[in-house]
Amino acid sequence: MNQQSFPPGKLPHGILSRFIRDYTDQDPRLIVPPALGEDAAVIDFGDRYLVAKTDPITFATDAIGWYAVNVNANDIAAMGATPRFFMATLLLPEGQAKPAQVESIFRSIHEAATQLDIAVCGGHTEITHGIDRPIVVGQMLGEVAPAALVRSSGLCPGDRLILTKGLAIEATAIIAREKREELLQKRFTPDFLDRCAAYLENPGISVVKDARIATRAGRVTAMHDPTEGGVATGLFELATASDVGLEVPISALSVSPESARLCAAFDLDPLGVISSGALLLGCAAGDARRIIAALEEANISAAIIGTVHPSDFGLQLEHDGHHMPLPTFATDEITRIFQE
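For the record, in the sequence shown the residue sitting at position 282 is 282 according to this note's numbering, with numbers rising by one throughout.
Everything labelled a hint here was simulated from the structure, so no lab data went into it. Among the hints, a few may not be true.
Using 30 Å as the maximum straight-line C-alpha spacing, the simulated DSSO-like pairs for lysine-lysine come out as follows [what the hints assert, rightly or not]:
| hint | residue 1 | residue 2 |
| --- | --- | --- |
| 1 | 179 | 10 |
| 2 | 179 | 98 |
| 3 | 209 | 10 |
Okay, the calculated beta carbon distance ranges per label pair [claimed, not checked]:
| hint | residue 1 | residue 2 | range |
| --- | --- | --- | --- |
| 4 | 330 | 252 | 22 to 32 Å |
| 5 | 328 | 85 | 32 to 42 Å |
| 6 | 95 | 249 | 44 to 54 Å |
| 7 | 103 | 128 | 14 to 24 Å |
Think of the CB as a built atom: it goes at the ideal place given N, C-alpha and C, for glycine as much as any other residue.
All chains, please: the whole structure from these sequences, using the hints.
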């Protein structure tokens, strides 16, 4: 039978859920097994839980090591855990790998890990055929006290949803870095593109600090790091993991002028572009304002973007009292700028 191939990006959610159900094993020490919407695996090590995550970097080429450390650390932090140890598999394209390029990847991994107090403890590097750009596959290990574990599946009706920083942060940095020459031809100024490229560090793609502050400030019921597929996919994955409905006012979703301009230049929907740097978190209604105040005291912007409802409410965007379904994205919007 002739089968259609999958498009770039994550596997379709329904197919991924079936594969997880049919081809993963259970163990009594596995506290959080593979599941749609959960950011990492959690394994019982007695008085502490080991939290383990692996994630590749495939969109970016510039500062790829920085991305690898931060996106893997984010998924550990979204479980309420502290990232501790990092390993990386570096796959370098045949005929292109040069000492300076390889050293720059090692250096960016080291700098990102040092900033987050993470130890780089091993990995693997090779020059391989069949790829046209460097790929870094990161593996992060962290730890958390059992009582401090946060899962994506913890939302309850009545909870509030908070989003830190806003939409499209990582996408803004990637577009500015990977499409600079094309954007200059579109009459974007060098200063503007430099500012967008700096989104990698300001506001930054890390949510480790966001998660730590939030969990200390109030009762956080769930957290999720919206990566591929953007905030819209992150909301879907949170709701699926928790079996709840969500109501999200469009007016509550913030996107910076820089992010909006770059997305518009390529006709990308900011709701569906890769968004590391933003943290989605659920909390008890009475704790929302306290958590936001703590984040803003640390110069991390945050806002209530929605309310959790029973599952039969569905996933709804609200505008002027009217509801519409939350948009879905089969692939991350940013993949369209690389399909040339």
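Query raised in the report: Between residue 95 and residue 249, is the Cβ distance one that fits in 44 to 54 Å?
Result: holds, 51 Å
**Report entry** Pair hint residue 179 and residue 10, alpha-carbon separation not exceeding 30 Å
**Finding:** holds, 23 Å
Report task. For residue 328 and residue 85, compare the CB-CB distance with the range 32 to 42 Å and indicate the outcome. Result -> The hint (32 to 42 Å, Cβ to Cβ) holds, given that residue 328 and residue 85 are roughly 35 Å apart.
Query raised in the report: Keeping to a limit of 30 Å between CA atoms, is the pair of residue 179 and residue 98 held or broken?
Result: Holds: residue 179 and residue 98 sit about 22 Å apart, inside 30 Å.
Report task. With 14 to 24 Å as the target window, see if residue 103 and residue 128 comply at their CB atoms. Result -> Holds, at about 18 Å.
Report task. Check the following: the C-beta atoms of residue 330 and residue 252 are separated by a distance inside 22 to 32 Å. Result -> holds, 25 Å
Requested in this report: Assess, step by step, whether the Cα of residue 209 is no farther than 30 Å from the Cα of residue 10, and give holds or violated.
Outcome: Given that 30 Å is the threshold and the Cα spacing comes to 27 Å, the pair holds.
Hint check: no violations occur; every hint is consistent with the structure.
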